[in-house]
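Chain residues, written in single-letter form:
Protein chains: 2
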Amino acid sequence: MKIHGVHHRTIWLSDNGWSVRIFDQRQLPWRIEIAELTSVEMAARAIREMWTRGAPLVGATAAYGLCLGLRADASDPALEAHYKALLATRPTAVNLRWALDRMKAAVKPHQGERRVAAAYQCAAAICNEDVDTNRAIGEHGVQLIEALARANPGRTLNILTHCNAGWLATVDYGTALAPIYLAHDRSIPVHVWVDETRPRNQGASLTAFELAQHGVPHTVIADNAGGLLMQQRKVDLCIVGTDRVARNGDVCNKIGTYLKALAARDNGVPFYIGLPLSTFDPSIARGADIPIEERSAEEVTVIYGKSNDGSVAAVRITDSPAANPAFDVTPARLVTGYITEKGVTGTCDVFVPEVRKSG
Amino acid sequence: MKIHGVHHRTIWLSDNGWSVRIFDQRQLPWRIEIAELTSVEMAARAIREMWTRGAPLVGATAAYGLCLGLRADASDPALEAHYKALLATRPTAVNLRWALDRMKAAVKPHQGERRVAAAYQCAAAICNEDVDTNRAIGEHGVQLIEALARANPGRTLNILTHCNAGWLATVDYGTALAPIYLAHDRSIPVHVWVDETRPRNQGASLTAFELAQHGVPHTVIADNAGGLLMQQRKVDLCIVGTDRVARNGDVCNKIGTYLKALAARDNGVPFYIGLPLSTFDPSIARGADIPIEERSAEEVTVIYGKSNDGSVAAVRITDSPAANPAFDVTPARLVTGYITEKGVTGTCDVFVPEVRKSG
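These protein sequences, in sequence, are chains A and B.
With this note's numbering applied, the first sequence covers 1 to 359.
With this note's numbering applied, the second sequence covers 1 to 359.
Heads up, a few of these hints could be off.
A pair counts as met if it fits within one copy or between any two copies, since identical chains are not told apart.
[Claimed, not checked] Here are the simulated EDC-like cross-link-like pairs (lysine to aspartate or glutamate), alpha carbons at most 20 Å apart as the crow flies:
| id | residue 1 | residue 2 |
| --- | --- | --- |
| 1 | Lys-306 | Asp-76 |
| 2 | Lys-2 | Asp-319 |
| 3 | Lys-84 | Asp-73 |
| 4 | Lys-234 | Glu-294 |
| 5 | Lys-2 | Asp-132 |
| 6 | Lys-104 | Glu-80 |
| 7 | Lys-342 | Asp-132 |
| 8 | Lys-234 | Glu-293 |
| 9 | Lys-234 | Asp-289 |
| 10 | Lys-84 | Glu-49 |
| 11 | Lys-84 | Asp-101 |
| 12 | Lys-84 | Glu-293 |
| 13 | Lys-104 | Glu-129 |
None of these hints come from the bench; they were simulated from the model.
Using the sequences plus the hints, can you model the full thing?
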């Protein structure tokens, strides 16, 4: 997708052919800063501290992190150590494990230089496939929006999204936002309600930035506002991403998603999940079994933004203790459908064999 | 209630006997600043710009605002003008109109100095009655908490609240928080989950401040987190305040309340409203008919807090457009009960005659 009109992916190799470049997303939307990852430790830190985030992009970054680790030490014990260090960075997203397992399988048969080469090849494949996957998610999802537009001729469609499941959460295009970008490109009048997404404000700082760069009309709202907007019939459709889907279709996603799904059900608003099949985790029976990452209380009590002098600054909103669970679980019963690269389905059951095969 | 151990009300006459003092709540919790209101215009501004807020306290402030206006001009046309100016400050809370109507009825029979005296007398009565009312709400509500404590011996009860319906929202004691303060005073182990309450963060800055001053254990959470906590059985009870209750029991309260009520229902958590009967509005048939105040987008995009140097500073979180509806409506079907000064009831029907009488 584009920044100031120039196409970018969110992760790419630098000119030296081995170090990895990403956007330091903590600086967005105020500063477009590129970080150069040169070691597995740095890649792990970039994931843990959320320089980079979003389930698919975390997987891609971990894949390249393993490349960097193997470049320093390609031995079998080192491979295991790199794998473990990267896997430990974020406990909730399953794409992280999916990408690392795929990388391990690809490099295992090789040693030394050939192992390193196989790693870079596999990481590049993971990235390219993510782009293809997201384009396919967009193609399937845009049909839902086209159907809505046909049913509501002559008016703008209002789509609500939570957190950031756009191109900044993936290698390119995005998952939940891919259908929206395609709809906009096809001149369907869409307007996006962007949940701020406390505590880290990925909606206000990343989704709004993406949509603005692409020219998609949008309005930032407090996370509290979505229920009222649905009561007032100002939301036609919700689309969100996910970090892991359990075998029964329960959806683990950014904290607060569940509340929007409840409101959507209460008001008859369709609630869709945009996701690559790699996000299904058939090894987990139900959402309640997914580990929920508890992050630092400071993410709740300290907020970053642009200060009056234009610099990025922090303000503390309370001295009281705070809790910061990062994800919640939306029960499958509240999900209208799953938009995947293979099509849209009302139940994830049909995809379980696919996942088993690719997993 | 106490600040640094010293008892305070939220509104009182200054030593000159006519000007009115309030806390400038926009400065809390970082600075305890007292504002002196000397004119009806200043009182209207204090309500509109939320130096003071909370449905009961807005009513009390408007009452004293009318006193200040009559002190300058006690004529009939001036009375009407003051009434209108104060009524226009906030469209959603019904206590504002209730207090102003009561004031008008009290001063109407008098002229000149006697009208002014009658006004001050009525405003003082409104304040004193608010204190008595809230103490009674606390007494009735604490019985619910005592029953929960008996059913769960030996463990701390977790109560979730949204926005601020504590003593800072009233003249003293609070509505939704009154039962919690009483429970704590009676050595029932309670812990409060405090919704941050974006966009203005009244939970993080006011409720957390109140609870800390009173020594009640509490944890601030993002508004998004309550659903997960209920899924995890970490919430025993929700209590919130309200700005207006319709004839059918629909509850208008701070934006986001509806989402918590949905989650409470989905997880079998009791959801109570703490309110004075003056908050019932029998003239409104249902919640959807209550006017929803739309406030400035800046309240969403600019966040205030303590900066590194200790001063109160603002940061901007996005340059995108934002929307800021301030209230939503929780349908009566999601409300377990209403805690009022007359007792706890599962339906508001029984109170309508009371309201008609007192209205």
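Here's how the hints hold up against the structure:
Taking the closest pair of Cα atoms, Lys-306 and Asp-76 never come within 20 Å of each other, the shortest separation being 46 Å inside a single copy and 50 Å across copies. In this assembly of identical chains, the alpha carbons of Lys-2 and Asp-319 lie at most 20 Å apart only when taken from different copies (18 Å versus 40 Å within one copy). Proximity of Lys-84 to Asp-73 under the C-alpha cut-off of 20 Å is restricted to the intra-copy arrangement: shortest distance 15 Å within a copy versus 77 Å between copies. Within a single copy, Lys-234 and Glu-294 get their C-alpha atoms only as close as 33 Å, which misses the 20 Å cut-off; across copies the closest is 15 Å, which meets it.
Taking identical chains as interchangeable, the C-alpha atoms of Lys-2 and Asp-132 lie at most 20 Å apart only when both belong to the same chain, with a minimum of 17 Å there against 61 Å between chains. With identical chains, the CA atoms of Lys-104 and Glu-80 are at most 20 Å apart within one copy only, with a shortest distance of 9 Å there and 79 Å across copies. Proximity of Lys-342 to Asp-132 under the C-alpha cut-off of 20 Å is restricted to the intra-copy arrangement: shortest distance 11 Å within a copy versus 64 Å between copies. Proximity of Lys-234 to Glu-293 under the C-alpha cut-off of 20 Å is restricted to the inter-copy arrangement: shortest distance 16 Å between copies versus 33 Å within a copy.
In the homo-oligomer, the alpha carbons of Lys-234 and Asp-289 lie at most 20 Å apart only across protomers (16 Å), although the nearest pairing inside one protomer, at 34 Å, exceeds that limit. Taking CA atoms no more than 20 Å apart as the test, Lys-84 paired with Glu-49 passes inside one copy only; the shortest distance there is 17 Å, against 53 Å between copies. Proximity of Lys-84 and Asp-101 under a CA criterion of 20 Å is satisfied intra-copy only: 11 Å inside one chain copy versus 69 Å between copies. Within a single copy, Lys-84 and Glu-293 get their C-alpha atoms as close as 17 Å, which meets the 20 Å cut-off; across copies the closest is 52 Å, which misses it.
In this assembly of identical chains, Lys-104 and Glu-129 lie within 20 Å of each other by CA distance solely inside one copy; the values are 17 Å within and 72 Å between copies.
Hint compliance for this structure: hint 1 alone is broken.
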